[in-house]
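Trainee: Each chain, written out:
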Amino acid sequence: MFGYYLDLALRSLKRNKALTALMVLAIAVGIGACMTTLTVMHLLSGDPLPGRSQRIFYAQVDPDITDKEGQREPPDMLDYHSATDLWSARRADRQALVVDSRLKLHAPDVNLPPLMATMLSTTTDFFPMFDVPFQYGGGWSADDDARHARVAVISADLNLRLFGGADSVGRTLRLRESDVRIVGVLKPWRPSPLFYAVAGGRFSNGDTADFYGKAEDVMTPFFTGLEINDGNFQQFNCWGIPSTPGHLQNAPCNWIRLWVELGDGGKVAGYRRFLADYAAQQKALGRFTVAGNTRLRSLMQWLDFNGVVPSDVRLQTWLAFAFLAICLFNTVGLLLAKFLRRSGEIGVRRALGASRLAIFAQCLMEAGMVGLLGGIGGWLLTLAGLWLVRRQPAAYADMAYLDTTMFLATFALAVAVSVLAGLLPAVRASRIAPGLQLKAL
Amino acid sequence: MQIKPILSALRQHKAGTLLIAMQIALTLAIVCNALFIIQQRLAHLSEPTGIDEPDIFVVQNEWVGKLSTSQADARMQEDLRAIRQLASVQDVTPSNSYPLRGSGWDDGIRLKPDQLQDTSGSTVYFGDEHFIDTLGVKLVAGRNFRPEEVAPMDMRYSLSPPVVIVTRALADKLFPAGDALGKTIYLAGSPTAIVGIIDQLQAQSVERWAAAFAHRSVIVPRRLAVSLGAYYIVRARPGQLDAAMRETPRALFAINPRRVISDKDGLLSFAQVRDRAYERDRGMAILMGLICVVLLAITAAGIVGLTSFWVGQRRKQIGVRRALGATRRDILGYFLTENLLISCGGALLGVLLAVAVNLWLVVRFEMNRLSLAYVLAGVVLLLLLGQGAVLAPALRASRVPPVEATRSV
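Heads up: the sequence lines are chains A and B, in that order.
All residue numbers for the first sequence refer to our numbering, where the first residue is 1 and numbers rise by one.
All residue numbers for the second sequence refer to our numbering, where the first residue is 1 and numbers rise by one.
Worth flagging that the hints you see were computed from the coordinates, not collected in a lab.
Using N, Cα and C, we set each Cβ at its ideal position, and we do this for glycine too.
Among the clues, some could well be false.
Heads up, simulated BS3-like pairs for lysine-lysine below, C-alpha to C-alpha not over 27 Å straight-line [stated by the list, open to error]:
id : chain 1 : residue 1 : chain 2 : residue 2
1  : A       : LYS283    : A       : LYS267
2  : A       : LYS214    : B       : LYS264
3  : B       : LYS316    : A       : LYS17
4  : B       : LYS264    : B       : LYS14
5  : A       : LYS104    : B       : LYS264
6  : B       : LYS173    : B       : LYS112
7  : B       : LYS66     : B       : LYS316
8  : A       : LYS214    : A       : LYS104
9  : B       : LYS66     : A       : LYS104
10 : B       : LYS66     : B       : LYS112
11 : A       : LYS187    : A       : LYS104
12 : B       : LYS4      : B       : LYS316
A few chain A residues facing chain B, derived, Cβ under 7 Å [what the hints assert, rightly or not]:
id : residue
13 : ASP277
14 : ALA280
15 : ASN330
Could you build all of it, start to finish, from the sequences and the hints given here?
Mentor: Set out below in C-alpha cells:
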C-alpha cells in the first residue's frame with residue numbers, strides 16, 4: 001500500500017514539474033531560514049553545563065553605600081572585601097572567586113614576540129565545579145591558592161600557539177614581569193555562553209553577543225593573579241572613585257564574581273540564609289547600608305536574568321518562523337490547486353472503489369514527498385545560512401555548525417510542515433463527488 | 001467593470017482566496033517592519049562623526065618594555081614631530097581613543113560637586129592643541145587649548161584638567177540656555193571650565209547603550225603617556241592618504257624600532273574604522289533586505305500558481321464569455337480586478353498585522369514606532385506585486401478562444 005501510494009505521489013509530482021519545483025523551493029526556503037536561526041538559538045540558549053547547572057549558583061550582596069533603600073537589584077559583582085569573606089567562609093560544597101584581566105604574556109624559552117592575552121584568576125574549585133577538561137596535568141591545589149603559588153593553567157589554543165600543542169606542563173610562562181610554572185593544559189573548551197563571565201546583561205540593551213566569547217588564554221590562582229597583574233583590573237562599577245585605578249582591593253568597587261556549588265535544596269536555603277546573615281552582620285558593622293538586598297540565583301536563572309541570547313538573534317528567529325508561515329500558506333494554496341486540478345482522476349479512482357481515507361492518504365503522501373524534497377533543499381540552505389552566520393562578526397560565529405539533532409530536526413520539521421500544509425487540500429480532495437466528475441469526462 | 005460577478009465567483013473558491021489574502025497580509029506585515037528596520041539601521045550607519053573622515057587615519061602604537069610617564073611622553077613627542085615632518089601629513093594629535101573605536105573612556109558629568117546623579121554621560125577624548133585641526137572639527141565658540149595647558153598623563157593619575165572643550169550637543173544638554181562657555185562642570189569628580197565648544201564629535205561606541213550620549217563628547221588637554229602607548233590620529237594632506245599611511249609607520253620605526261604596530265589593526269584608515277564599527281548593523285540590514293526579496297518572490301510565485309490553476313479551471317467559462325461577446329480586455333480586466341480585490345482584502349488585514357507586529361517589537365525589542373509611510377509603501381508594493389504576478393496567467397486567460405465554449409459541453 002505504502003509503495004503504491006509512493007509511486008502515485010512520484011508520478012503526480014513528475015507530471016507538473018514547475019509546480020512541484022515551486023512547492024519544494026517554498027518549503028526549502030522556509031525550512032532553511034528557520035533551521036539556520038533555530039540552530040543559532042539552540043547554540044546560544046543551551047545549558048552550558050548540562051547535568052550540573054542546577055547545582056551551580058551565583059552570589060550577590062549589595063555593598064553600595066549610596067543605595068539607601070536597597071529596592072533595586074544588587075550589583076552584578078562583588079567587592080573584594082565581601083567576595084573574600086564569603087569565599088573563605090567555605091559554606092558551600094565548592095566555591096570559586098573569578099576575575100579576569102588582560103596582560104602581556106611571553107614564553108621565555110620560545111622564540112615568539114610577546115602577546116596580549118586574557119587571564120582568568122580563580123580558585124582551585126573552579127576546575128572540578130565547572131567540569132573543565134584537561135589535556136595535560138591538572139588544576140592547582142587549595143594550598144597553591146593559599147601560598148599565592150606562581151602556577152598557571154593554559155588553554156589548548158595558547159598551548160598550540162606557544163608550544164605547538166606539546167605537553168607543556170612544567171614549562172615557564174612570563175606574565176607581565178612574573179614567571180609562572182604551567183601545571184595544566186586544557187582540552188579545547190568552549191562553553192556557550194562563557195557562563196562564568198556573564199554579568200551586566202541588563203545594561204546591554206540586548207547586545208549580548210560578547211557573552212559567547214572564548215575562554216581565557218591563561219588561568220592563575222586568584223591571589224597570584226591579583227599580584228601579577230596589579231594595577232590592571234577593571235571594575236564592574238564603583239560607588240566612589242578608586243584611589244589607585246586598576247588596584248581595587250580596598251576600592252569602593254565591584255569587580256569579583258563568586259560562584260558556588262550547592263548539592264541539594266537544603267544547602268541552597270542554608271546558603272541563602274548565610275548570605276542574608278552576612279549582609280546583616282556587615283550592616284551592623286557599618287559597612288553596608290542595606291541588609292536585605294542579597295541574591296542567590298542558579299546558573300540558568302542568572303543567564304536568564306542577564307538575557308544572554310542577543311536580541312538580534314531572537315528577532316531573527318521570530319522572523320524566520322513568520323517566513324515559514326508564509327511559505328506554508330503558499331504551499332497550501334499550490335497543493336490545493338494541484339489536487340483539485342486532478343478532480344477527474346480522483347473521481348475515477350473513487351468510482352473504482354478507493355475509499356475517502358485512501359484518497360486522503362494518497363494526497364498526504366504526496367505532500368510528505370514534497371516535504372522530504374523540501375527538507376533536502378532546506379538542509380542545503382541551512383548549511384549555506386550557517387556559513388553566512390560564521391562570516392558575521394559575532395563572538396559566537398565560530399560555533400555555528402549543524403549538529404545531528406538539528407540535522408534530524410530539519411527533516412522532521414520539513415515533513416511536518418508539508419503534511420500540515422497538505423491536510424486541508426487532502427480533505428478537500430477526498431470529498432470530491434465521483435459522479436459529478438465522471439459526468440464531466 | 002462589474003464587481004458583483006467577480007465576488008460571487010470568488011465565493012466558489014473560498015479556500016484559495018483566503019490563502020492568497022493571508023499570504024499577502026503576512027508578507028505585508030513582515031515587509032513593512034523589515035523595511036523599517038533597514039531604514040533605522042541605515043540611518044544609524046550614516047550618522048556623521050563630525051570629523052574630516054576621508055583624510056584621517058589612526059596609528060595604534062605600543063611600546064616594548066616598561067617606560068616611566070616622562071619617558072613615554074618624551075618618546076611620544078618625538079614621534080609626533082617626526083610624523084608632522086612628513087610631506088604627505090597635514091597634522092597629528094595623540095589621543096586615548098577616537099570616534100567609532102568601539103570602546104574607551106566614558107564618564108559622567110555633573111554640574112555640582114555634591115550631585116548624586118550625573119547630568120549627562122559623555123565620551124572622554126584626550127587631545128592636545130592640534131586635536132581640533134587634525135580632526136577637522138569646527139570650533140563654534142571659545143578657543144582651542146593652549147600648549148601650556150596640555151599635560152602628559154598616566155592612567156594612575158586622576159583626571160583633573162583645568163579646562164575642557166565640549167561638543168555643542170553636550171553644551172546644550174548641560175546648559176540649555178546656551179551659555180555654556182566659561183562655566184564650571186565636574187568631570188570624574190573634579191571641577192573644570194569649558195573654554196571651547198566644537199560643532200560635532202561622535203562617541204567611540206555606536207552600540208545602543210551609548211546612544212544616550214552619542215554626540216556628547218568632552219576633550220581634555222592631556223597626552224596619554226603610558227608604556228602601553230596611545231593612538232596617533234593623523235590627517236593626511238588632501239588626496240595623500242595612501243602615501244601618508246605608507247610613510248608614517250616607516251618614519252616611526254626609523255626613529256625607534258622598539259614598538260609594536262599590529263598588522264591587524266595597528267594602522268586603520270577612517271573608512272576601515274567606520275566599516276568595522278557598523279559591521280553588525282550592515283549585516284542586519286542586508287539580511288532584512290534579503291528576507292524581503294525572498295518573501296515577495298515566494299508570494300508572487302504563490303499568486304502565479306494559484307491563478308494559473310483558476311484560469312485552467314475556468315477555460316470553459318472564459319470561452320463562453322468570449323463567445324457571448326466579451327473582449328480579450330474584458331477577460332484580462334476580470335482577472336486583474338479579481339486579484340486587486342483579494343490583494344486589497346489581504347492588505348487591509350496586513351496593515352492591522354503590521355501595526356500589531358510593530359507594537360510587539362516596540363515592547364519586546366525596544367524598537368521605534370512604525371511610521372505610516374512604510375505601511376503605505378508596503379501596501380502599494382504588494383498591490384503592484386499582485387497585479388504583476390497575475391498578469392501572465394491573466395494574459396493566457398485572455399487568449400482562450402471563444403471556440404472553447406463549444407468543446408465537450
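Trainee: Indicate, hint by hint, whether the structure satisfies it.
Mentor: For each hint, the structure was consulted:
1. Between A:LYS283 and A:LYS267, the direct Cα distance comes to roughly 24 Å. Compliance with the 27 Å bound is thereby established for this hinted pair.
2. Between A:LYS214 and B:LYS264, the direct Cα distance comes to roughly 19 Å. Compliance with the 27 Å bound is thereby established for this hinted pair.
3. Annotation: proposed proximity of B:LYS316 to A:LYS17 holds, straight-line Cα distance about 25 Å (limit 27 Å).
4. Between B:LYS264 and B:LYS14 the CA atoms are separated by roughly 62 Å; this puts the pair beyond 27 Å, and the hint is violated.
5. Between A:LYS104 and B:LYS264 the CA atoms are separated by roughly 17 Å; this keeps the pair inside 27 Å, and the hint holds.
6. For the proposed pair B:LYS173 and B:LYS112, the alpha carbon gap of about 15 Å is at most 27 Å, so the pair holds.
7. This hinted pair does not check out: B:LYS66 and B:LYS316 have alpha carbons roughly 92 Å apart, beyond 27 Å.
8. About 18 Å separates the Cα atoms of A:LYS214 and A:LYS104, which keeps this hinted pair within 27 Å; it holds.
9. Restraint check for B:LYS66 and A:LYS104: the C-alpha separation of about 11 Å stays at or below 27 Å, so the hint holds.
10. Under the criterion of a C-alpha separation no larger than 27 Å, the hint pairing B:LYS66 with B:LYS112 is inconsistent with the structure, at around 39 Å.
11. Only pairs whose Cα atoms come within 27 Å are accepted, and A:LYS187 paired with A:LYS104 is accepted, the gap being roughly 23 Å.
12. Note on B:LYS4 and B:LYS316: the hinted pairing holds, with a Cα-Cα distance of about 20 Å set against a maximum of 27 Å.
13. A distance limit of 7 Å between C-beta atoms decides the matter here; for A:ASP277 the minimum to chain B is near 30 Å, and the interface restraint is violated.
14. For the restraint placing A:ALA280 at the interface with chain B, the shortest Cβ-Cβ distance is roughly 26 Å, beyond the 7 Å limit, so the hint is violated.
15. Interface restraint check: A:ASN330 against chain B, minimum CB-CB distance 4 Å, threshold 7 Å, status holds.
Checked against the numbered hints listed earlier, the structure breaks hints 4, 7, 10, 13, 14; every other hint is satisfied.
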